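Based on the hints, put chain B in the right spot on chain A.
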Amino acid sequence: MSENLHSDSLVERYHHLTMRKLLVLVVSVIGVIIVVGLFSVSAYDNISLMEAYRIIWDHIMGVEYEPRTTEWWADRFIWNTVMPRIVAAIVAGASLAAAGALMQALMNNPLADPYSTGISSGACFGAIVALVLGLTITSTSGQSGMIVNAFVGAMIPVGVVILISKRMPLSPAALILVGTALSYFFSSMVTYLLVITDADTLQNAYIWQVGTLDTIVWSSIPMMVVVTAVGSAFVMLLTRQLNVLSLGDANAKTLGLDVEKFRVVCLIVMAIMTASIVCFTGTIGFLGLVAPHLVRILVGSDNKFVVPISMAVGSFILVLADYIAMTISDVPVGVVMSIIGSPIFFLLILWQKKGYGTVY
Amino acid sequence: MRSISIRSKESEQSAILLGDDPEINVDIDGLSFSYKGADSDKNVLSDISLNIHGAQLVSILGPNGVGKSTFIHCLNKILDPTGGCVRINGTNVQDVSIKDLAKVMGYVPYTSTDNFPLSVTDTVLMGRHPHSKWGSLDDDLRIVHEMLQLIGIEDLAERNFNELSAGQHQKVMLARGLAQEPRILFLDEPTSNLDVRFQLEITRMLKRLSRQKNMLVIMISHDINIAAKYSDNIIMLHGGGIYALGKPQDVITPDNIRHVYEVGADVIMDRGRPHLILIDDDDTDYDDDHEYYVVEKVAVG
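Residue numbers (our numbering), protein chains in the order written: chain A, 1 to 360; chain B, 1001 to 1301.
Honestly, I wouldn't trust all of these hints.
What the hints assert, rightly or not - Here are some chain B residues the structure puts well away from chain A; computed CB gaps all over 12 Å:
#: 1; residue: Pro1022
#: 2; residue: Asn1025
#: 3; residue: Leu1079
#: 4; residue: Thr1082
#: 5; residue: Gln1149
#: 6; residue: Glu1154
#: 7; residue: Phe1198
#: 8; residue: Lys1229
#: 9; residue: Tyr1243
#: 10; residue: Leu1245
#: 11; residue: Val1260
#: 12; residue: Asp1270
#: 13; residue: Leu1278
#: 14; residue: Asp1283
#: 15; residue: Thr1284
#: 16; residue: Tyr1286
Claimed, not checked - 30 Å max Cα-Cα, derived DSSO-like pairs, lysine-lysine:
#: 17; chain 1: A; residue 1: Lys304; chain 2: B; residue 2: Lys1099
#: 18; chain 1: A; residue 1: Lys261; chain 2: B; residue 2: Lys1103
#: 19; chain 1: A; residue 1: Lys21; chain 2: B; residue 2: Lys1077
#: 20; chain 1: B; residue 1: Lys1036; chain 2: A; residue 2: Lys261
#: 21; chain 1: A; residue 1: Lys304; chain 2: B; residue 2: Lys1133
#: 22; chain 1: A; residue 1: Lys166; chain 2: B; residue 2: Lys1042
#: 23; chain 1: B; residue 1: Lys1077; chain 2: B; residue 2: Lys1247
#: 24; chain 1: B; residue 1: Lys1077; chain 2: B; residue 2: Lys1036
#: 25; chain 1: B; residue 1: Lys1077; chain 2: B; residue 2: Lys1213
#: 26; chain 1: B; residue 1: Lys1103; chain 2: A; residue 2: Lys304
#: 27; chain 1: A; residue 1: Lys261; chain 2: B; residue 2: Lys1099
#: 28; chain 1: A; residue 1: Lys261; chain 2: B; residue 2: Lys1133
#: 29; chain 1: B; residue 1: Lys1036; chain 2: A; residue 2: Lys166
#: 30; chain 1: B; residue 1: Lys1077; chain 2: A; residue 2: Lys304
#: 31; chain 1: A; residue 1: Lys261; chain 2: B; residue 2: Lys1077
#: 32; chain 1: B; residue 1: Lys1103; chain 2: A; residue 2: Lys166
#: 33; chain 1: B; residue 1: Lys1042; chain 2: B; residue 2: Lys1103
#: 34; chain 1: B; residue 1: Lys1133; chain 2: B; residue 2: Lys1103
#: 35; chain 1: B; residue 1: Lys1077; chain 2: A; residue 2: Lys166
#: 36; chain 1: A; residue 1: Lys166; chain 2: B; residue 2: Lys1213
If you are wondering where the hints come from, they were derived from the structure by calculation, not from laboratory data. Remember, predicted model here, so these are calculated numbers, not experimental data. Cβ atoms here follow ideal geometry from the backbone N, Cα and C, with glycine treated the same way.
So here's chain A without its partners, still in its complex pose (with noise of 0.2 Å):
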């Protein structure tokens, strides 16, 4: 009797253990909608937080308001403008952080993100090529024509490391060195490229090294939207999985999984999940790495959480850093994003040595 309520107080406790872990969760999401609001406002002067909130809500509702009164102007502005990156934002940010956490742990290194197989790289030459020789897969040029050439750029390096770990059993080691070296020949490539061009496509290529959401138009979302939710209900659905891939290749394969075959299942979904991404706003380091990261130190290593909590972290990060950057204007996201959330990771990997979590 008495051991069964011991073990019932194991199952109760593990239970209300999840709840606070939720509480991150919410936390987040809370977050993002101050974010937006403040995003709203900036779009457009003349409205408080609430009457901004209050448009939203009514555009997604479909009410019409009378043209040319200060809410019409309002919505206009908030829809046109702001809303298509504060979308961009909060998709690409639960998408590369969901990416992240992923990548860290098909790979079981805290040093993984999503680019460390050369995604970047690759979709960086893809798109670079688009810009500097202005060659194209569609053979149409401006955006459309570097989306694709950015997309299937960044698919190049998985597809070389998918194809040999097909053909001998790659240790997560090895498929990060691979992705290493694929990394730097794309590089160099681009570098190349950029040296030989004119100052003003160096800078537009520059940016999209760094990226931006400047450049996200309505029509960019849709895909975006698509892939980042069948990939990350993908990923939801394989985190235990991933907890058991934790514990390193052997004891996973004895609990019962078999792990060259997820592995590669895995990075070709991320890989997806990545490049759509990427594509539309260049390469936004940093958040993959990080948002995982913070989420371990607050909630453990549990996939089930971290997962999800990522990807909540990730867009409340990214809209965040995409705000400031805009209202300090013309500093790519990117950079914001580094420069403010750099020292805060830091000070949360000092703040946990000390003690008050003890993730690693």
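Leaving out everything else, chain B in the frame of chain A:
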């Protein structure tokens, strides 16, 4: 009947993977393994054939690098043997999916990675992975609790895995292996980091569980005396094959120890079990000046 024998070639049984079958019969037939690479023609294990029958505690002994872990990894499909096969109650292990195998076979490794450490509860819960389905969490947690109690580490339930000592790690991994509720449990040096009390307790418990849960427990050990004290049977590996196998008193002999480990040894019998006393053949005289070499407590203040 608990037995172990050099495998006779004729046995071919109907194909069932344990299930409710109370019998456990592991048939190892001509098992060979070599690592790919420079010495690819040199087998780590060559042509090992044996039969293990019945729920029992079997210890695998042998010097470093003899292939004890490799042998176990070939049995539980972490490695694919380069020759021969392993059958459990007649079913070839290679024909069984990793997932189905995990329902029957557990493995407690020598080392564990903790790059992303979970709580002890979550780590042990992982042992339920092969069995768990939607809505089974609470039942799985109860099994986790039972195993934590069994190993005596309930107090660690909410601690993070990376905060624990090496010995505590070992106990958690053991609890995880047991939570898997396997019919065959492999352990790689399960007591290497434990103090003497727990070396005895854990090994005794493994033997008890082999009876209670009708489970075949196969463990690698470097502690010959612990193995001799509790094992039903011992497999001694040497030179890529089986050097000796059978009851502890038949395997743990001065001759075998000298040949396999290249050290001198006396064996005395203690409560019907062999007990090994190592003899150092090196008789260098270090001129033990006990007055000179001192470690002593110093009174403070």
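Hints, verified against the model:
Distance to chain A confirms Pro1022/B as a non-interface residue, since its nearest Cβ pair spans about 23 Å, more than 12 Å. With a minimum CB-CB distance of about 20 Å to chain A, Asn1025/B clears the 12 Å threshold, and the non-interface call stands. With a least CB separation of 9 Å from chain A, Leu1079/B falls inside the 12 Å interface cut-off, contrary to its annotation. Under the 12 Å C-beta cut-off, the non-interface status given to Thr1082/B relative to chain A holds; the minimum distance is some 15 Å.
With a cut of 12 Å on Cβ distances, Gln1149/B falls inside the contact zone with chain A, its closest approach being about 7 Å. Its beta-carbon lying about 8 Å from the closest one in chain A, Glu1154/B breaks the requirement of being farther than 12 Å from that chain. Against the 12 Å criterion, Phe1198/B stays outside the reach of chain A, whose nearest CB is about 22 Å from its own CB. Its beta-carbon lying about 27 Å from the closest one in chain A, Lys1229/B satisfies the requirement of being farther than 12 Å from that chain.
Every C-beta of chain A lies more than 12 Å from that of Tyr1243/B, the closest at about 26 Å, which supports listing it as non-interface. The beta carbon of Leu1245/B sits about 24 Å from the closest Cβ of chain A, which is more than 12 Å, so the claim that it is off the interface holds. Chain A leaves Val1260/B outside its interface by the beta-carbon criterion, the shortest separation being 26 Å against a cut-off of 12 Å. Asp1270/B, annotated as away from the interface, keeps every beta carbon of chain A farther than 12 Å; the closest lies near 35 Å.
Taking the minimum C-beta to C-beta distance to chain A, about 32 Å, the non-interface status of Leu1278/B holds against the 12 Å cut. At the 12 Å boundary, the C-beta of Asp1283/B stays outside the reach of chain A, the nearest C-beta of that chain being 43 Å off. Separation of Thr1284/B from chain A is adequate, the least Cβ-Cβ distance of about 42 Å exceeding the 12 Å criterion. With a cut of 12 Å on Cβ distances, Tyr1286/B stays outside the contact zone with chain A, its closest approach being about 43 Å.
This hinted pair checks out: Lys304/A and Lys1099/B have alpha carbons roughly 21 Å apart, not beyond 30 Å. Restraint check: the Cα-Cα separation between Lys261/A and Lys1103/B comes to about 19 Å, which is no more than 30 Å; the hinted pair holds. Pair hint Lys21/A plus Lys1077/B does not hold up; C-alpha atoms about 37 Å apart against a cutoff of 30 Å. Our distance criterion of 30 Å between C-alpha atoms is met by Lys1036/B and Lys261/A, whose separation comes to about 21 Å.
With a CA separation close to 15 Å, the supplied pair Lys304/A and Lys1133/B stays within the 30 Å bound. Straight-line distance between C-alpha atoms of Lys166/A and Lys1042/B comes to about 26 Å, which keeps the hinted pair within the 30 Å bound. For the hint linking Lys1077/B to Lys1247/B, the alpha-carbon distance of about 27 Å falls within 30 Å, and the restraint holds. Under the criterion of a C-alpha separation no larger than 30 Å, the hint pairing Lys1077/B with Lys1036/B is consistent with the structure, at around 17 Å.
Under the criterion of a C-alpha separation no larger than 30 Å, the hint pairing Lys1077/B with Lys1213/B is consistent with the structure, at around 23 Å. Of the supplied pair hints, the one linking Lys1103/B and Lys304/A holds, its CA atoms being roughly 22 Å apart against a limit of 30 Å. This hinted pair checks out: Lys261/A and Lys1099/B have alpha carbons roughly 13 Å apart, not beyond 30 Å. The hinted pair formed by Lys261/A and Lys1133/B meets the criterion: a straight-line CA distance of about 21 Å does not exceed 30 Å.
Among the hinted pairs, Lys1036/B with Lys166/A is consistent with the structure: their alpha-carbon atoms are about 17 Å apart, no more than 30 Å. A threshold of 30 Å between alpha carbons decides the hint, and for Lys1077/B with Lys304/A the separation of about 28 Å falls inside it, so the pair holds. Simply put, Lys261/A and Lys1077/B have alpha-carbon atoms about 15 Å apart, close enough for the 30 Å limit, and the pair holds. Using a Cα cut-off of 30 Å, the hinted pair Lys1103/B and Lys166/A holds, with the two alpha carbons roughly 27 Å apart.
For the hint pairing Lys1042/B with Lys1103/B, the CA-to-CA distance comes to about 34 Å; that exceeds 30 Å, so the pair is violated. Taking the CA atoms of Lys1133/B and Lys1103/B, the gap is about 13 Å. The hint holds against a cut of 30 Å. Proposed proximity of Lys1077/B and Lys166/A is supported: the alpha carbons are some 19 Å apart, at most 30 Å. Between the alpha carbons of Lys166/A and Lys1213/B the distance comes to roughly 40 Å, so the proposed pair goes past 30 Å and is violated.
Going through the hint list in order, the structure does not satisfy hints 3, 5, 6, 19, 33, 36.
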